[in-house]
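Please put together the full structure from these sequences, using the hints given.
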Amino acid sequence: MPEPSYTVVALAGGTLERDFQDAGYTAVNKAYLPVAGTLMLERVLRAFRAARSVERVRVVTQ
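Quick note: the sequence shown, position 15, residue 15 per the working numbering, numbers continuous.
Simulated DEER-style distance windows between Cβ atoms: (1) Arg-43 - Ser-5: 19 to 27 Å; (2) Thr-7 - Leu-39: 21 to 29 Å; (3) Asp-19 - Thr-61: 20 to 28 Å; (4) Leu-39 - Ser-5: 19 to 27 Å; (5) Pro-34 - Pro-2: 34 to 42 Å; (6) Pro-2 - Asp-22: 44 to 52 Å; (7) Asp-22 - Val-54: 30 to 38 Å.
In silico lysine to aspartate or glutamate, DMTMM-like type, Cα no more than 20 Å apart, as pairs: (8) Lys-30 - Glu-42; (9) Lys-30 - Glu-17; (10) Lys-30 - Asp-19.
Derived by calculation from the structure, the hints in this document are not laboratory data.
These numbers come from a predicted model, not from an experiment.
Even for Gly, the Cβ is constructed at its ideal location relative to N, Cα and C.
Structure representation (structure tokens):
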């Protein structure tokens with residue numbers, strides 16, 4: 001039986017809240033915030049790429 005394949009969606013449109021701005025972050029939105037030195041969106045895309053069942057990735061922004 002073939003392994004199922006999926007199209008996945010990364011939601012990357014959240015605006016920065018005041019707390020992040022006050023802390024000095026200047027990213028366009030939350031997806032571009034660094035997490036341990038790697039952008040949050042990049043971490044999500046790497047995880048999708050590593051999943052064998054993911055065939056297509058769509059990134060949705062505002």
